[in-house]
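Peer 1: Spelled out, the chains give:
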Amino acid sequence: MTATVGRAGTDVPARPRKPRTAWKGWLIAAIVLTITYVTGAAIGVNLSDLIDNWRHGASNFVKLLQPDYTFFPQTLRSLAETVEMAVIATFISSVVSLPLSFLASRVTNPRTGFMLTVRAIMNMVRAVPDLLYAAILVAVVGTGALSGMMALFFFDLGILVKLVSEALDAVDRGPQEAALATGASWAKADRAGVLPEALPAYASHVLYTLELNIRVSTVLGLVGAGGLGLLIDKVRTFYHYHALSLIILEILVIILVLETVSSWVRRRLIA
Amino acid sequence: MLSVALTAIVVIVCFVDTDMRWSQLVRFPGRMVHYLGLMFGPPDLSTLGHALSATLLSVDMAWFGTVLGILVSWPLSFLATRGVAPLPVRMAVRGIFAVLRAVPEVVIAILILSVTGLTSYTGALAIAVGSMGTLGKWGYESMEAVARGPIEAVRSAGGNLRQIVRWGIWPQAQPEVLAFWLYRFEISVRASVVLGLIGAGGIGKVLSDNVQFRIWDAVGTLVIVVIVVTVIIDLASGMLRRRLITGRWSAPRLPRLRSRSAA
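Chains A and B, in that order, are what the protein sequence lines are.
One rule links them: number in the numbering used here = place in the first sequence (from 1) + 5.
One rule links them: number in the numbering used here = place in the second sequence (from 1) + 31.
So that you can see chain A by itself, here it is in the shape it has in the complex:
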């Protein structure tokens, strides 16, 4: 770097030139705009539909603001079914996912090949969208809450194993090493040295999947898998928007209640 003589006679290094990077931003913006334009053309964006028909949407929206509370008794069974699907699926998947997570973690499974196989399979389980599981399981098992519960189970299994095995990867390996050094088997060392450290994270992730499940289980019925979704499908085919409004309101209430409870519990678990 060339040094120039400053006013005070001392050597002041010349300022490095500001790199010109603005063109990159413009380039990225241009690319994003082009992709957006192309995708917009592909899905057939048209504003005239919006302008012509917004009144339909607006009138439906107004109906939505006036829930039909007399419909409430009819929704109770579906509401219970939704919550039951979510709770049972969360429970079963939490039991099944724990041993699988131990097999999928670097810390607790010393056999790398085996561990990577478990991870690869779990990645595949996770890549299938929830409603797709439901659509296929409805065809295999038949309509009803059972297929919905099983769809949630597979969906949860993928998520839980991923999150819990990541938590296991992050634990302090000291206790486990100590247990192994005393001559304990891997199973015993993991049980005594790793499990207690990962338990709070495990509990918090299980709660998180319960939250996800409630969200998902409200719509599973749209493909025939029981719960509120089935009811949504029924009322929307008959355009009962006042009833639909009540169902949405119920979904909102369950989710908000569950979120509040679960965030409170999780904060206590972490602290």
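Some clues are possibly wrong.
What the hints assert, rightly or not - Only some residues are given here: those of chain A computed to face chain B with a beta carbon under 7 Å:
| no. | residue |
| --- | --- |
| 1 | Gly-45 |
| 2 | Ala-47 |
| 3 | Ile-56 |
| 4 | Asn-58 |
| 5 | Leu-136 |
| 6 | Ala-140 |
| 7 | Ala-144 |
| 8 | Ala-150 |
Unchecked claim - Just a sample of chain B residues kept apart from chain A, beta carbon distances all over 12 Å, derived:
| no. | residue |
| --- | --- |
| 9 | Thr-78 |
| 10 | Leu-107 |
| 11 | Ile-182 |
| 12 | Arg-193 |
Just so you know, the hints here were simulated from the structure itself, not pulled from any lab data.
Source: prediction; values computed, not measured.
Glycine included, each C-beta is placed from N, C-alpha and C at the ideal position.
Once you have looked at the hints, place chain B on chain A.
Peer 2: Leaving out everything else, chain B in the frame of chain A:
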């Protein structure tokens, strides 16, 4: 101990009250093997071209919806940030975000349906509305988490609110916010498949049609395409996100699933 007992009671009540036909489970493994055999032994690869073009439509839907969601939620997220907007405005905007997050995309699609019909355009609009809730929340959370120093520096140099946001808050929050946009795109891709299942077009539509007509070897191909495409998009987007956050390219690890709770 109390919490364990409470949890046990809730679980037991659910098991007792539900009217699931558990007897079906006995036959399930056999049937599943049977159906998996129909789907993947071997999958009907002649539908691959059709499957790929349908997937492209799904991705189009996800992209357009996400961009639209970003365009609306980005300015709104400033209005929800502490220190930028006054309390009443903040609370109102946050309330809107919370409601949008709580309503499932599929339900939003059903509402928009009466305006634009059962098209992929409707799917994109539903994704746009749905993504506003999550993007808005992540947006204001990131902007509230920035270091105070630069904000005070701008203020003490005489900067007004606009300048504080432009030079004190946004440059710090920018990488994280951009990474969330990408992450939301990944979620939108999955959502677009799901929206297709109820008729909004794309791969989901093709899938549900084939399931309904029980053309299982075609379903096999479609499931493989869905898995491969979502994994590729997740990997690519995950690499880009790490580039944004850490400033350099790194080999693809499998992306973290849960950056923020309300996905």
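Peer 1: Now tell me, hint by hint, if it's right for this structure.
Peer 2: How the hints compare with the structure:
1. Gly-45: This hint holds: Gly-45(A) lies near chain B, its Cβ roughly 5 Å from the closest one there, short of 7 Å.
2. Ala-47: This hint holds: Ala-47(A) lies near chain B, its Cβ roughly 4 Å from the closest one there, short of 7 Å.
3. Ile-56: Hint violated; Ile-56(A) Cβ to chain B Cβ min 10 Å, cut 7 Å.
4. Asn-58: holds (5 Å)
5. Leu-136: Holds: closest Cβ of chain B sits about 4 Å from Leu-136(A), inside 7 Å.
6. Ala-140: holds (5 Å)
7. Ala-144: holds (6 Å)
8. Ala-150: holds (5 Å)
9. Thr-78: holds (16 Å)
10. Leu-107: For Leu-107(B), whose nearest Cβ neighbour in chain A is about 19 Å away, the distance exceeds 12 Å, so it holds.
11. Ile-182: holds (23 Å)
12. Arg-193: holds (20 Å)
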